[in-house]
Every structure is written in C-alpha cells, then in structure tokens.
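*Asks:* Sequence:
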Amino acid sequence: MKQLSVLDPATSETLATLDVSDVDELVATARSAHPSWSRTAPGERSVMLRAGARLLGDAIDELARLQSRESGKPLADSRGGVEAGIAAVEQYAELGPLHGSRSLQGGVGASDWMTRVSRGVAVLCLPWNDPVAIACAQIAANLVVGNTVVCKPSEKTPLATAEVVRLLAAELPAGAVQLAVGDGLVGAALAAHPDVDVVVHVGSRRTGREVAQVCAARGAKAVLELGGKDPMLVDAGVDPAWAAEQAATGCFANAGQICTSIERVYVHRELAEDFVDELVARAKAMRVGPGTDPATEMGPLIDDGQREVVHDHVRRAVEAGAELRCGGAPVEGPGSYYPPTVVTGVTPGMLLAEEETFGPVAAVQVVDSFAEALALADGTPYGLAAVVLTADMAHAQQAIDQLAVGTVKVNTAFGGAPGGAASPHGASGEGFGYGPELLDELTRVRVVHLEPPPAR
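In this note's numbering, the protein residues as written are 149 to 604.
These are calculated hints, taken from the structure and not from any lab test. Beta carbons: idealized from backbone N, C-alpha and C, even for Gly. Misleading hints may appear alongside valid ones.
Claimed, not checked - Label-pair distances were calculated between CB atoms; the ranges are:
#: 1; residue 1: R250; residue 2: P478; range: 50 to 60 Å
#: 2; residue 1: D209; residue 2: G568; range: 24 to 34 Å
#: 3; residue 1: D331; residue 2: R357; range: 10 to 20 Å
#: 4; residue 1: A552; residue 2: L163; range: 37 to 47 Å
#: 5; residue 1: D209; residue 2: S153; range: 22 to 32 Å
#: 6; residue 1: A523; residue 2: E210; range: 43 to 53 Å
#: 7; residue 1: S180; residue 2: D260; range: 29 to 39 Å
#: 8; residue 1: T162; residue 2: A322; range: 28 to 38 Å
#: 9; residue 1: E210; residue 2: D331; range: 54 to 64 Å
#: 10; residue 1: T397; residue 2: D172; range: 39 to 49 Å
#: 11; residue 1: D209; residue 2: D260; range: 49 to 59 Å
Claimed, not checked - Derived lysine to aspartate or glutamate pairs resembling EDC-like cross-links, with alpha carbons at most 20 Å apart:
#: 12; residue 1: K150; residue 2: D170
#: 13; residue 1: K432; residue 2: E418
#: 14; residue 1: K557; residue 2: E303
#: 15; residue 1: K432; residue 2: E480
Based on the provided sequences and hints, a complete structural model is requested.
*Replies:* Put into structure tokens, the structure is as follows:
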C-alpha cells in the first residue's frame, strides 16, 4: 500500500506516515450511505452536527496543536482557526433546517413550489493554509443538506483534518463523512469519479480549471475558490502608521498564506514615504519562529517548494528594477522560513505584480491618484477580494462599484460578519464558498406542481 509522509515545516522532520486511501472504496461507501442520510430529517442532522461540534470543542487544544505542527501556523492563530471551524459547524447546524425555497399560487386549488434536495456524494478537495476552519465549514454545509462527504485535505496538512473527520463521524451514521488521504493524484481521481455529484475545490487556479473541466464533462457541480492577487489601495488623507499596520496584517498574517492575503499595495504618493518606513519597521520587528512557540508572530512557509516560489518572485522583481527594503532571502537552517519582506518600485509585468505569490511579501507601488490605483488594482485576471483604506466615502463607493472582485473590505485588512458569504470573480473561482448561500450551491432545486384530482 502506498504511504504519505507529513513533514513539520518548522523542522523538516517527519510528523507521521499515513496509508493512501482507496478512492473507489470511499466513493462506494459514500454512495451507499447517501439514500438513508438524505432521508434523515434536517432537524436530526442538525442534532448530530451539534453533538459533533461539542466533541470538536472538547478537543480544541489538540486540534490547534496538530494544525500548528503540520502547517507552521502560530499557535494562537491556529486556535482561532479551530474556533472558527467549530462555529461554522454550529452555524450550519442552525441554518440547515431553515434552508428552503419559494412557493407560488398557480390557480385555485393548485400549488407550485420548489424544494431543495441533496446532490448526492460530495468530494471536498481542501487546502493546507487553514485546514480545520475550511474543512469544518465545508463538511458541515454538505452534511446538513443531506450530501454524504469524502473529505480530502491537502497531503501537506492531513493530520488535524483527520481528527476533525474522526470526531464528527463518531456522531454520524457510517459512511456519512470519510477521510481521503493522498496527494494530487487521489484528488484528481475523486474529482473525476463518475459517482461523485459535487466537488468543492479550494486551492490553486490550475487545479481548479482541471476540476471544472472534469465536472462539466459529466454534469457534476463544481464550487471553486481558487487563487488571488488581492490589492490594497491606500488613499491620500489616511494615517500612514495605521495604513502600514493594516498592510502588515494583510501581507504577513499566516506568512502571507491566506487566500485573501494582500499581495499588492498601491499607496498614494502623498504618504508613500512615511507609509513604507512604517511598514518596513513593522516587518523587521516581527518575531519569526515555530508555530508552536507562543512568542511566534509568523511561522514558516508550508514547505521549501513554496519558499522557492516566493523567493523567485522577489528575486525577479529586484532584477527588473524593484528595490528590496527588507527581508528577501530564505532563512538559513532547518525549516521553510522566509522573512517578512517589503519591495518597492514594483511595476506591472513583474511576477510579483501579476501572479499569486502566497508568501509574506508586501509588493508596493506608488500612485499619483486614487483613479490610478483603481486601474492598477484590476490589472490581473484574479478577482477574489480587495482592501481600500480611505477617509473619502466617495472613493470607497467608487471602489465598491468598479473593482472586479467578489469582496471589497473598506478600512480593514480582514473582517466580515459571521456567516458572511464569499463569491470569487474571474480566475479566482465560481460559486458561493461560505455563508447561507453555500447551501444553495450544494443542493438541487426540484419544482413541484400540484393539483387535486377531478371530483368523482
């Protein structure tokens, strides 16, 4: 049997070795379990999910520790992700029984309505950057609408997700949720399997295109959240120190390995010098180390391969004329560390300006107007999110109206109401990934027309 080794990105040591799953066996089990699970009352499904959420809550410390060890996330950040995942399970347990549709009065004595029905077997191909939070949300949303689930975490971070699946499965019928262990070949086989009805893929743009193609070929549903190249627009008139704090959070949180990390910064010339000086100072002051160390503010990148991608983007930008203000070199020694990095003089055409870097790099370009920043912000095929820092509400509204992205955040790098939706645009994906709207993506609509029989 093939095996998968899981490495600690802080030390490069092997954390665990797991057996690779049999795809056909997993899908057959999920298919067999679906009829009974889909006929289970939504309220009963919710009761089971709440019980599962309680088990997750009891294991929160262990889940956070596991996630930190396999992903490199700082422990406090990791715990926050686990808490968010548990909250998502509770949220979907609440929303499931309320999920419905509309009815029409077609005529006297006749009724028309739409009912929501489960799609069937759902495959979740999930990323390594926030494994527990994303797995919890996607598993719970699928289960509560009656889909059975095969959850395939990234081969780089399967350990905490395996524990999530084990704890939830303890409160569910056999086969309702299962773990798939393996690399991209296992994910590809699951996405292409003829008995899979919906595929949720959170990950790279390239893989997302492949998932979309194989799903379209057989009429399966694909929900895709892919890469991003999120811009931050720093307008004239804002406090440069506050703006730099927001940029540092957006660029360096989780070592820049968040789908909605800030990867491009367009700052007005009026405050550019003070802003950059403050951003550099914040980058240099960050404590970098193992995620399991409580003092760590930024952990390692997920592996040496990702570190090489990040460094290649930075190196090429500097060779093309950009200025390295701090960082910009892999940290020597064990682990996949890369320092918080600030690069100025970034221009269109550079990889650092156009392709997803997914690392702790603030790529800064100075602009002479808010209109110029808007035009540059829309200069990539991606459309995940954008951040606008401004005291001018007319500029804020202009950005909301014009930016070709799924989410616009005004005056904060991160944030949003619990249960908020996300709907990426362009090359960043398709379909609602979160919020109540996700339940619509994971179900089909059945239209019913009912009339009484003729009187006898």
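*Asks:* Now tell me if each hint is right for this structure.
*Replies:* Hints versus structure:
no.	hint	in the structure
1	R250 / P478: 50 to 60 Å	holds, 56 Å
2	D209 / G568: 24 to 34 Å	holds, 27 Å
3	D331 / R357: 10 to 20 Å	holds, 18 Å
4	A552 / L163: 37 to 47 Å	holds, 41 Å
5	D209 / S153: 22 to 32 Å	holds, 25 Å
6	A523 / E210: 43 to 53 Å	holds, 49 Å
7	S180 / D260: 29 to 39 Å	holds, 34 Å
8	T162 / A322: 28 to 38 Å	holds, 31 Å
9	E210 / D331: 54 to 64 Å	violated, 25 Å
10	T397 / D172: 39 to 49 Å	holds, 45 Å
11	D209 / D260: 49 to 59 Å	holds, 52 Å
12	K150 / D170	holds, 10 Å
13	K432 / E418	violated, 24 Å
14	K557 / E303	violated, 32 Å
15	K432 / E480	holds, 17 Å
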